[in-house]
Amino acid sequence: MPVDGRHPHSDAIPQHTIDVYVDALRDPAARHASFEIYLQLGETAEQFQRWHKEGPLTIPVLAIGGEYSTGTAPADEMRKVATDVTGVVLPGSGHFLAEEVPVPLTKALLDFLL
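Its first residue numbered 110, the sequence shown is counted upward by one per residue in this note's numbering.
If you're looking for bench data, these hints aren't it; they were derived computationally from the structure.
Restraint ranges, calculated between C-beta atoms of paired labels, are given here:
1) V129 to K189: 33 to 39 Å
2) T126 to I168: 29 to 35 Å
3) P123 to I146: 21 to 27 Å
4) E152 to Q124: 34 to 40 Å
5) G151 to Y130: 24 to 30 Å
6) G151 to L219: 31 to 37 Å
7) D185 to F205: 16 to 22 Å
8) T215 to D132: 24 to 30 Å
We treat Cβ as the ideally placed atom computed from N, Cα and C, and that holds for glycine.
Given only the sequences and the hints, what does the whole structure look like? Please build it.
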């Protein structure tokens, strides 16, 4: 059962790992770098609009969501701009897929790539 609706594995990230993340984020440059992805959302939106207008992506796309986090949303969104989408929802997982369900995540990646 999800602990808070998004992170069903409250122990998936050990405290010592959290401490490393927190220590790293004390550095302003590290904080800036870690939030850089959010500064790119406008560019991502422009790419989606261009793909929608110019025609869909034809390359294979793997879209993975966690059951208690994004669910089918990654695949649903990618299907708007791509024709060959494999959608995977990892059961029992929240936002931190690699930490919460490393074996099913690895299997999904290998199944797609090999």
